[in-house]
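K.L.:
Line by line, the protein sequences give chains A and B.
First residue of the first sequence? That's 0 in numbering that gives the first Met the number 0, and the numbers climb one at a time after it.
First residue of the second sequence? That's 0 in numbering that gives the first Met the number 0, and the numbers climb one at a time after it.
Hint data in this document are derived by calculation from the structure and do not stem from the laboratory.
Remember, predicted model here, so these are calculated numbers, not experimental data.
Wrong hints could be hidden among the right ones.
Simulated crosslink set (DSSO-like; lysine-lysine; CA at most 30 Å straight-line) [said to hold, decoys possible]: (1) A:K398 with A:K427; (2) B:K54 with A:K300; (3) A:K145 with B:K54.
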Amino acid sequence: MIDKSQAPNSRAKWPGYLARKWQIGVAIFALVALPVVPYVNDPYWVTLISATLMAAYLNIVWNWAGGFAGLLSLGHAAFFGIGGYTAAVLLHQYDVNPWLGMVAGATVATVSGAAVALAAFRFKVRGFYFALLTFTAALVLPAMVKTSSFLGATEGIFLPLKDDVTQLQMFDRRFFFWTYYIMILVALVVTVAIDRSSLGRQLRAVKGDEDAAESLGVPAARLRVIIMSLSAGFTGLAGTVYTFQTLLAHTETTFDTGRFFLVIISTMIGGLGTVAGPLIGAFFLTGVRELIDKVPVSSQKAAAVSMMVYGLLLIGVGIMFPRGIVGMVEGVGGFIGSLPGRGRKHTATVSAAQYRSPIVAESAGIGFGRTKDDTPELVVTGLTKRFGGLLAVDDVSFKLYKGEIVVLIGPNGAGKSTILEICSGFLKPDAGVVTFKGKKISGQPPHKVNRMGIGRTFQKTRPFENLTILENVLVAAGLRSANTTEATAKAMECLRLVGLVPQPGPEALGSYLSTGQRKRLEIARVLATDAGILLVDEPFGGLDERSQGPLIDLLRYLRHTGCGIVLVEHKLSVVEAVADRVIALDSGRVIQEGTPQEVLQNREVIEAYLGGAGELVKPAPNRH
Amino acid sequence: MLELKIISQALAVGVFIGLTYALVTLGFSLTFGIMRVINFAHGAFVMGGMYLALKTFQDLGMSPYFAVIFAIPIASAVGGAVYRLVFVPASGRPLETQFILGLGLAIFFENAALYLFGADIVAVNIDLSTHRVAVADVGISAAQLIAGCASVFMIAVVAFVIYRTAFGRQVRAVAQDPQAAQMCGIKVHRVNMAAFALGVTTAAIGGVLLIPFTAVSPPIGLAFSLKAFIVLVVAGVGTVPGLLVAGLFLGITESLTAAYLPSAWAQVFELVAVVLLLIVRPQGLFGRETW
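Whole structure, please, built from the sequences with the hints as guidance.
P.N.:
Have a look at this one:
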């Protein structure tokens with residue numbers, strides 16, 4: 000499906016699939032090499048590597064939330080503690096088998112993660128505020144545990160020492176090595192599964208631009224709750240194992256927030272949001288720690304020095320390699336790949352003006368797609384929206400039929416974009432109703448509106464900059480296809496339609512596109528959502544004269560295929576070229592509705608635009 | 000009656016400590032408002048000021064307040080360097096990256112303090128720490144009185160600089176729109192650096208003011224960063240009244256809690272209150288967009 004001969008036109012960078020492949024290689028190598036450790040007859044090494052394995056495991060599962068979904072949780076210590084305490088209390092108070100306690104601990108942690116995520120998204124707590132919210136959980140919980148004698152108060156809960164596998168503990172140090180090893184194996188498999196599935200792509204889209212993702216039908220809130228509870232549950236699981244390793248549930252160790260500062264540091268150093276980064280980061284940090292321990296100072300000073308070094312490493316990596324060690328390796332790989340004679344061509348982008356989409360020929364002479372007996376698809380009735388004292392939209396009603404382009408015109412602040420925001424679910428109206436095929440859509444969240452068949456583009460383009468062009472479209476296509484092959488085929492078709500394939504090609508990153516290309520990418524994305532109605536906000540803004548032709552062709556073609564389009568546009572030449580009907584707005588009210596000629600020659604419309612003088616268009620001969 | 004006395008006593012102490020908290024967190028809001036940087040290392044400068052005062056008292060045998068003389072040049076220089084070396088290269092990166100950089104700095108400073116001064120919790124007791132200033136039955140220590148009053152003065156000075164001077168106008172212009180400010184000939188990075196240095200210097204001075212009645216240890220830096228975060232959430236960006244109210248909220252919560260519960264609970268109450276506030280009013284009580 001993907002034409003692999005298409006070299007990325009962007010900065011030298013490995014294409015996504017190759018980058019992930021070597022990372023999986025690193026992970027497999029580590030997992031094959033590690034089992035040697037238990038046979039090195041040195042308890043120091045077994046203990047050290049076991050601890051590193053736990054750290055790596057915590058990194059990997061934290062990265063699902065922190066890296067893939069961009070949820071910078073500082074509260075994973077709470078989930079770790081919840082898991083540990085659940086299992087400890089169950090054993091201590093109710094004599095429940097630790098293996099069952101482990102399942103229980105992970106379950107309770109999962110539920111807690113879901114609760115935190117739900118609360119955060121219900122109340123729109125994001126970014127740093129999410130970090131603060133989760134940190135609060137991590138500080139509040141141990142404080143509460145300290146007051147409860149049932150939970151061991153400040154003394155903690157001591158667990159009996161047994162040499163018994165059925166009690167989740169053994170004297171043999173290798174037992175915990177193997178436990179953590181298996182946990183890592185599972186966590187890595189889940190990571191690769193997430194990364195390669197459409198879930199991973201959708202999460203990256205949500206992380207890149209939540210609104211844009213929702214506009215394509217991605218249920219952002221639900222995805223974040225899922226990934227957060229998954230991450231919390233796996234963290235809780237580690238908490239139970241750690242508790243039985245140390246035979247103690249204590250507020251200072253089981254709820255240790257410092258452990259998760261190290262998780263954040265080493266995940267960042269390894270590569271936030273990558274597959275192998277968290278694993279690499281954990282071992283890197285252990286290596287640094289071991290080196291520092293060779294320096295002859297007191298142990299407290301050595302600990303301080305190693306933390307200072309970690310801090311500096313974090314800063315250095317953060318500035319120079321935003322994707323950590325993984326990003327660094329990719330940079331080197333990309334450089335080697337770009338050397339002459341390596342067969343990786345970097346062709347220049349065909350400029351927007353040169354592009355001719357395959358639909359041009361077909362679209363020539365295409366007129367109205369609307370037939371007389373259609374019922375209106377989109378019905379807007381009495382729409383009103385206030386922002387404080389400002390009446391942005393005032394009792395607006397209009398209808399849109401299948402295969403029709405309605406253009407909203409009006410001076411800045413007339414309420415055009417607000418109407419689109421309401422129709423796409425991003426704003427709730429104060430009064431009035433929007434229905435689509437008889438179903439009410441006003442007041443529904445954006446992703447549901449999109450699922451019902453209404454697509455939108457943004458006035459200021461919002462590509463997912465961290466995804467390739469193809470992945471951008473796959474975010475939308477993947478939600479509506481049975482499998483990846485089908486989704487890719489569909490995405491490529493959309494890209495061809497808007498002329499982003501063959502040039503610049505599916506592997507170019509969203510962040511490297513020109514204005515015209517970004518606009519076309521947005522349209523390709525929205526086409527991939529199968530929307531029957533497109534809400535397009537000033538697609539011609541910032542386009543030069545020559546780039547306008549293809550876009551006009553595209554809009555006409557879409558109309559021909561039966562799409563209904565609501566277009567917000569200022570360029571009157573464009574309005575004349577594509578509009579079936581024009582609705583003129585001023586100060587939130589509809590002042591005139593009709594054919595382009597009728598509206599553009601209307602006195603009131605001219606006054607609203609030009610303050611009375613001049614004329615918008617010459618009375619022209621009939622253009623149809 | 001005893002109850003009433005305890006509460007009014009706690010309120011009085013809380014007010015003056017709270018004013019000092021307003022001062023030490025001022026720079027955090029300033030930096031966030033102007034350059035959209037969450038400087039998690041902000042509290043480290045408070046801690047630095049406290050250790051400077053401690054050393055001035057212990058090693059030089061002078062009043063800890065003299066440490067202000069060292070704190071101003073040292074904090075400005077370190078702050079300027081941190082801005083230039085860490086936040087300039089990271090400008091334009093996602094906010095998360097800058098947040099993580101701040102975390103890295105905080106970890107570095109905390110452990111540098113651990114290396115230099117050890118993990119002990121140390122307090123400075125001078126005459127002013129124990130000298131009681133009382134009205135009727137309610138009294139606070141002279142050191143707290145000094146800290147509160149000096150903080151109000153310092154905040155007024157910073158507010159004057161920001162709202163009434165040519166430099167302040169540049170700062171506010173950069174906060175509104177760095178590119179537009181640059182077009183007008185403002186050296187954005189220089190203005191930012193000066194504002195950053197100003198912010199951390201006030202934090203260090205606040206640290207000096209705190210030491211006669213607050214014990215210091217390395218982790219206190221992160222605790223102050225958290226306080227600053229709380230103030231930012233409660234107050235919103237760019238409002239002096241908001242800053243004062245948020246500071247008082249912290250101070251009073253802390254002293255009231257201390258009267259009845261273990262001190263760890265103060266942080267719990269503050270954070271829970273803040274999370275509730277976040278839910279009800281995400282832009283802060285007095286929130287605006289920028290300075």
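K.L.:
Does each hint fit the structure? Answer for all of them.
P.N.:
Outcome of the hint check:
1. Under the criterion of a C-alpha separation no larger than 30 Å, the hint pairing A:K398 with A:K427 is consistent with the structure, at around 19 Å.
2. Using a Cα cut-off of 30 Å, the hinted pair B:K54 and A:K300 holds, with the two alpha carbons roughly 20 Å apart.
3. The straight-line distance between the Cα atoms of A:K145 and B:K54 is roughly 35 Å, outside the 30 Å bound, and the hint therefore fails.
In terms of the numbered hints stated before, the structure departs from hint 3 and from no other.
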